[in-house]
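Visitor: Chains as they are written, first to last, in the working numbering: chain A, 4 to 168; chain B, 10 to 355.
Hints were generated in silico from the structure; no laboratory data involved.
Treat each hint with caution, since some may be false.
As the list claims (entries may be wrong) - 20 angstroms max Cα-Cα, derived SDA-like pairs, lysine to any residue:
id, chain 1, residue 1, chain 2, residue 2
1, B, K114, B, V20
2, A, K165, B, M329
3, B, K82, A, P30
4, B, K72, B, L256
As the list claims (entries may be wrong) - Not close to chain A: a few residues of chain B, all C-beta gaps over 12 angstroms, as computed:
id, residue
5, A64
6, G253
7, G330
8, L331
These numbers were taken from a predicted model, which means no experiment stands behind them.
Note that beta-carbon positions come from the ideal geometry of N, C-alpha and C, so glycine has one too.
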Amino acid sequence: MDLYFWVFASMSVLAGLFTIAAKDALPSAMGLLTVFISLASLYLHLHAPLIAIFQVAIYAGAILILVVFVIMLLMAPGERLAAIQANVSYRGSGALLGMCLIGLVLVGTKGVSDIVSMKALPEGFGNPSMFGDLFFRDFLLHFEVVSVLLLVALIGGIYLCKKKL
Amino acid sequence: MDDWLIAIIKVVGIWVWVLLIAVVMTWVERRGAALIQDRPGPNRAGPFGLFQPLADGIKLFTKEEIIPTNAQKLLYIMGPLLFSLPAFSAYAVVPFGDKIILGGKEIILQVSDVNVGFLYILAIGSMGVYGVILGGWGSNNKYSILGGLRSTAQMVSYEVPLGLALLGIVFVYGTFSLRDISLAQQGTFLGFLPNWGIFKQPLGFILFIVAAYAEANRVPFDLPEAESEIVSGYHTEYGSMRLGLYLFGEYVNLVTISGIIVALYFGSWHMPYIDLGAYLGPISWGIVSFCIFFLKVSFFLWMFVWVRWTLPRFRYDQVMGLGWRGLIPLALFNIFITALFIQLTV
Numbered sequence: 004m005d006l007y008f009w010v011f012a013s014m015s016v017l018a019g020l021f022t023i024a025a026k027d028a029l030p031s032a033m034g035l036l037t038v039f040i041s042l043a044s045l046y047l048h049l050h051a052p053l054i055a056i057f058q059v060a061i062y063a064g065a066i067l068i069l070v071v072f073v074i075m076l077l078m079a080p081g082e083r084l085a086a087i088q089a090n091v092s093y094r095g096s097g098a099l100l101g102m103c104l105i106g107l108v109l110v111g112t113k114g115v116s117d118i119v120s121m122k123a124l125p126e127g128f129g130n131p132s133m134f135g136d137l138f139f140r141d142f143l144l145h146f147e148v149v150s151v152l153l154l155v156a157l158i159g160g161i162y163l164c165k166k167k168l
Numbered sequence: 010m011d012d013w014l015i016a017i018i019k020v021v022g023i024w025v026w027v028l029l030i031a032v033v034m035t036w037v038e039r040r041g042a043a044l045i046q047d048r049p050g051p052n053r054a055g056p057f058g059l060f061q062p063l064a065d066g067i068k069l070f071t072k073e074e075i076i077p078t079n080a081q082k083l084l085y086i087m088g089p090l091l092f093s094l095p096a097f098s099a100y101a102v103v104p105f106g107d108k109i110i111l112g113g114k115e116i117i118l119q120v121s122d123v124n125v126g127f128l129y130i131l132a133i134g135s136m137g138v139y140g141v142i143l144g145g146w147g148s149n150n151k152y153s154i155l156g157g158l159r160s161t162a163q164m165v166s167y168e169v170p171l172g173l174a175l176l177g178i179v180f181v182y183g184t185f186s187l188r189d190i191s192l193a194q195q196g197t198f199l200g201f202l203p204n205w206g207i208f209k210q211p212l213g214f215i216l217f218i219v220a221a222y223a224e225a226n227r228v229p230f231d232l233p234e235a236e237s238e239i240v241s242g243y244h245t246e247y248g249s250m251r252l253g254l255y256l257f258g259e260y261v262n263l264v265t266i267s268g269i270i271v272a273l274y275f276g277s278w279h280m281p282y283i284d285l286g287a288y289l290g291p292i293s294w295g296i297v298s299f300c301i302f303f304l305k306v307s308f309f310l311w312m313f314v315w316v317r318w319t320l321p322r323f324r325y326d327q328v329m330g331l332g333w334r335g336l337i338p339l340a341l342f343n344i345f346i347t348a349l350f351i352q353l354t355v
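Build the full structure now, drawing on both the sequences and the hints.
Guide: Right, dumping it as structure tokens:
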């Protein structure tokens, strides 16, 4: 079997388990960081260096840092998550969302059985220029719609936070 | 097998070389401070005090390692490791010379010429902040936490103008690979200007160097470790080699940043107006290009020291204001102008 895959796949699963089981907020965030980085290693293994870099730069380097920033602002070192974890409504909604996610993954894996033979990668697979073509030529409309959605979210966030505009 | 050997030699060689520069930089920093403040500085250990870093190293290695009672052990120990690991691995995609031909084999003087080039540097660079956060949080000390918080906010804010400034360079040269960008900087344009990034992206260079100073936590942006306000910020509780890793990682970061500045904006290994590669043999050109590259790098390393002992520290709201209200609009403006220019000329 593919040793590289097993090492990083098991690492990401274990780190994911640690993320939801950790008693402290910051170690939990570090578990999530490990998940991101081991996933990035798997992308590298799949000859997609650009996605790996995006995974590290955007998820680990920007989003998680904001999460950590909020943790540092709102909690004190050594403060436990027990009160939050014991909350039944949180647990219930977490279970519901988790079920939805598993359902989505199952729908996604339905196509796996169609894969019968391996194909050679096209020339220049995973190049930055290929991504540019995908984003700005083939799927331009989708890309722009998503960026407008993000802009709306941004304006909405500012509106909700500012008492006086 | 040969390829493996070459790769290993390159990795170990450049690693040792960068560490060596970082060690010498600690000496340069103190002597430079002394020079600017008109005092002798450390001059007892060896000629001109050159063995001072060695003495410091021995001191740090032999000190007792203390973990504060109330610290969160795991986070406290992981902090320096997570800070220095990205610092040590960021140099992998920065070139350190043109190429050298040994025994009919062409060896490029760069550990790895990947086509995602400086996206890798941005990604790895943003990892360093976790070391600061963990150190500050794990120490369980209010000054440390303040330092960690400041550093997070600062790094997140200045990563945006840093990335946007680099985007201008991508527009001009059309590639992410640092080697391709370096190769494209040969010769002149408009008849008299060297084909360097600084002449094509003057505003981009200013934005990049300001953001890079902030990312490296250097004066005037050294708020995470502002001695006069929060003792020494995130590494207040650290001692022995753990502290050493923090301090050392910072100097390694300086070497990497200077390398990027030279490779992107200052013609990499090219001399202005003269193409030395055409006159020298393959081996001597390899060595000469390495020397040219590191001469330029050492100038920017000196500039870090120079700025540190010349400028006062910003106030915190000034740092944030400069980042969000000054640099980001300017960086967007720079991108807009560059894109417009390229659209009209190409």
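Visitor: Taking the hints in turn, state whether each one holds.
Guide: Here's how the hints hold up against the structure:
Of the pairs offered as hints, the one joining B/K114 and B/V20 holds, with about 18 angstroms between alpha carbons and a cut-off of 20 angstroms not exceeded. For the given pair, A/K165 sits about 18 angstroms from B/M329 by alpha-carbon distance, which is consistent with the 20 angstroms threshold. Between B/K82 and A/P30 the CA atoms are separated by roughly 11 angstroms; this keeps the pair inside 20 angstroms, and the hint holds. Of the pairs offered as hints, the one joining B/K72 and B/L256 holds, with about 16 angstroms between alpha carbons and a cut-off of 20 angstroms not exceeded.
At roughly 35 angstroms from the closest C-beta of chain A, the C-beta of B/A64 stays outside 12 angstroms, upholding its exclusion from the interface. Listed as a non-interface residue, B/G253 keeps its Cβ farther than 12 angstroms from every Cβ of chain A; the least gap is roughly 23 angstroms. No Cβ of chain A approaches the Cβ of B/G330 within 12 angstroms, the least distance being about 18 angstroms, so the stated non-interface status holds. Even its closest Cβ contact with chain A, about 19 angstroms, leaves B/L331 beyond 12 angstroms, as expected for a residue assigned away from the interface.
Comparing the model with each earlier hint shows no violations; every hint is respected.
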